[in-house]
Structure formats: structure tokens, C-alpha cells
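Going down the list, the sequences are from chains A and B. Using UniProt numbering, read the first sequence as starting at 1 and increasing by one per residue. Using UniProt numbering, read the second sequence as starting at 1 and increasing by one per residue.
Each hint should be verified, as a subset may be incorrect.
Said to hold, decoys possible - PhoX-like cross-link-like pairs, simulated, lysine-lysine; straight-line CA separation at most 20 angstroms:
# : chain 1 : residue 1 : chain 2 : residue 2
1 : A       : Lys24     : A       : Lys69
2 : B       : Lys69     : B       : Lys221
3 : A       : Lys110    : A       : Lys24
4 : B       : Lys221    : A       : Lys69
5 : B       : Lys69     : B       : Lys24
6 : B       : Lys24     : A       : Lys221
Simulated from the structure, these hints should not be mistaken for lab results.
Number of protein chains: 2
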Amino acid sequence: MDITSDIHSQHISRQFNHELEELKTHLMAMGGLVEKQVQDAVSALLDADSSLAERVVDNDRAVNDMQIKIDDECTRVLARRQPAASDLRLVLAVIRAASDLERIGDEASKIARNAIDLIENNVGNRGFVEVRIIGEHVRRMMRDALTSFARFDTELALQVVQEDEQVDSEYQTAMRSLMTFMMEDARSISPVLGIMWILRALERVGDHANNLAEYVVYLVKGLDIRHTDPDDLDQELGEKS
Amino acid sequence: MDITSDIHSQHISRQFNHELEELKTHLMAMGGLVEKQVQDAVSALLDADSSLAERVVDNDRAVNDMQIKIDDECTRVLARRQPAASDLRLVLAVIRAASDLERIGDEASKIARNAIDLIENNVGNRGFVEVRIIGEHVRRMMRDALTSFARFDTELALQVVQEDEQVDSEYQTAMRSLMTFMMEDARSISPVLGIMWILRALERVGDHANNLAEYVVYLVKGLDIRHTDPDDLDQELGEKS
């Protein structure tokens, strides 16, 4: 290869790497916004702050716009750069991750809408402890999942996958205790249902964080673990790595 | 271009078209299975057929396997054929659609698990009418969404998007009436909650069918309508087409 074309191809590849980095940066920015949406939605309920809840509902549009922008960028990169192997996996993982982040945004918006109803009807704080604990747990999962994506850290990603099982069990326990409470006091049915929808939404946030973590494993190891039992993961990864 | 290379490139492009057709065929097969899963899950509840419900839960593995297979095929096509423009959009739409179908499969499995509980506790048929009506409605949406995908029929796709609004309103009405029933009879709380989870799952199936329909519009018109208000769709499409 002569020097001019060598410099040219170095230039192309530097430009390409820059585009891939940009994709990651934009995904992280979207992740940051979505994480804040979940946090604000939960705080709005716990602090009975309706105007914060309404801001969360309004901001969902910004989340949606970010997804469309990231999808467009990914499509452009695929069309122009025709990436292969690990670069291709990165672009596909970004598309999938943006879709999960958008859905987390939807869940935040649902939490906020339920919070507005609950605040309006001034319903006491039954179930608030559970919302706070599970809310914190899934936010930590989200943050770890995003960090693992930024650093291609599969160890951290696998931790997130394991934690999703804990969240599911916290969620089941909370639901059972709320159902008992409903049975004891029929007047609590409507507000407690509102809390149940919020817990369900938080549990879904955990599922999406889990998906994000799974994409990191796919990205780094080229291994699709989406439908592997978490208990079998160590073995699978041991065999392939 | 000499004749040999012309024949060669015709051969490549025929091969490529064949691969794209295969992707669509496999997506439709997955759609058929998932549609049957939803139908069987609803029938299992309505006919109190636990063994059918258990088959639905077991079959979810087959749905998951189909998604992984389709994703792998799409990745291979992207890496080897480096498609552009509408071919690239098709491959991306297939990836997204397979992800929605997989999630519909998850919802079918949730419906089946709730059905097993409800049948075991022999809880009467409160809410069954609503499950049947909304179940039929979202199955029709799914079928139309898949047909619109197979035929690149944006008119049918837009019909699905409009119908999702109807399902949402049917769902809200059903939920309100079930809540009233709960309040009147505390012993009904646990079974009625089971029915509520099933209705929520069906409503999510409608959302995913709606997503499938939106990908068709994206595919054909190159227009991303995922976050457009259905009432503004006609205008948007009129402007772009």
C-alpha cells in the first residue's frame, strides 16, 4: 500500500472509531437522562411532589427523541461504514440498548402518572418503603449496567444479571404483603393498586437493566446469553472464554 | 462489464434477495408461533385447561430460540452483504420485530402462569368476558401487523396503530369494573388481581403489535413514527409520501 492510501485509510479508520465512540457517548447521555427520570418519578411519589411528576411525564418526549437520534446514527454508520465483527456487534448492541432505555423511560412515565393520581387522592404511604427500596435497587442496576457497557466490563454485567433475580424476589414479597393489606381493608384497594402498578413498573426497569447487561456480554464475548438461566452462566462463559 | 462478472453479480444479488426473503419467512414463522401462544394461553384460562397452559409455558423456549436464530441470521446478512438503503431498513426492522415477538411470547407465558394459578384455585369466571374480548382484539392486531409486514402494506399497518388506542380504552374500562368488583367483595381480591395481570399482559401484546406495525411504516416510507401521535399520522404520511 502506498503512503497516501495508507494515510487515507488511517484517516477513515480514525473517523470511524470516532463515530463509534460518539454512539457510545450518546447512549450514555440517554442512559443518564433515563436514570434521572426513574429517580425523579420515585421521588415525586415519596415526597408527594406532583409538579416533579409532571416534569417526568413531559420529559419522556426528550427520551424518545434521543432514541430516534441514536437509531438514525446507527443506521447511518451501518450504511456508510459497513462494520464487521466486533464493530457490527457494537452498533447492534447500541440499537438494542437504546430500545431498552426508551422502554425504561416509558416505565418512569407510568410511575409518574400513577404518582400524580396517588398524590391527588392523598392516600397515605402504604407501600412507600417497598417502592423506595426496590426503586433504589433497580436504579443501581441501571447505573451498573450502563457502566459495564461504557467499560465493556462483563464481570459487572454478570453481577447485574444476578441482581435481577433478587429484585424479582423483593417484588414478589412486596406484592404479597400489599395483597394481604388490601384484603384487610377494602378502602385501601384503589391506592394499593396504584402502588402495585408502580412496583410492577420498577420490576420492569430491572428487567431492562438486565437486558442492557446481557448486551455487554454479547458485545464482548460474542455470546448471546439472553435466554440462559443465570445459574448456568458461569459455566457457559467459562466454556467460551 | 464482461459477461462472466455480470452473471456473477446477478448470482450474488439473487442469492442476497433469497436471504432477505428467508429472513421474512422466518420472522413470519416466529409470528405464527407467538400468535398461537397468545391464543392458547387465553383458551387455557377460559376452558380451565391447565395442561394447555403448561404447554404454553414450555413452548416459550422455542420462541426464544427462534429469536436468537433470526438475530444471528440478520447479523450474518449485515456482515456479509453490507446492505444499504431499503435492504438495510428491512434487516433492522426484522431485528426489532423479532424482539417484539419475543416479548409477546413472554406475555403469553405470563398469561399462562396466571391461568394455572387461577384454575388451581377454581375461582369462577369474573372478568373472563373481558379477557376473551381483549384477547381476540389483540390477536387480530398481531395477525394484521404480521400481514402488513409480509406485504409491506402501510395502510393495514396504520389501521393496527389506530386500533391500539381502542384496546387501551377497552383495557381501562375493564380495569375499572374489576376494581369496583374487588371493593365489593374482599374475597375476590386475589383472583381478580390474577385477571388484572392477564389483562395487563394482553394490553402489552397490543402495544407490541403496534410496534410491529410502526416498523412496517419505517420500512416502506423510511419514516420513524414510533413517537408520533396516531391522530397526526395521516398528516405526517401525507407530507412524506
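Now for the hints, and whether the structure bears them out:
Straight-line distance between C-alpha atoms of A:Lys24 and A:Lys69 comes to about 13 angstroms, which keeps the hinted pair within the 20 angstroms bound. Restraint check: the Cα-Cα separation between B:Lys69 and B:Lys221 comes to about 27 angstroms, which exceeds 20 angstroms; the hinted pair is violated. With a C-alpha separation of about 27 angstroms, the suggested pairing of A:Lys110 with A:Lys24 is violated against the 20 angstroms cut-off. Pair hint B:Lys221 plus A:Lys69 holds up; C-alpha atoms about 17 angstroms apart against a cutoff of 20 angstroms.
For the hint linking B:Lys69 to B:Lys24, the alpha-carbon distance of about 13 angstroms falls within 20 angstroms, and the restraint holds. Simply put, B:Lys24 and A:Lys221 have alpha-carbon atoms about 28 angstroms apart, too far for the 20 angstroms limit, and the pair is violated.
Hints 2, 3, 6, counting from the list given before, are not met by this structure.
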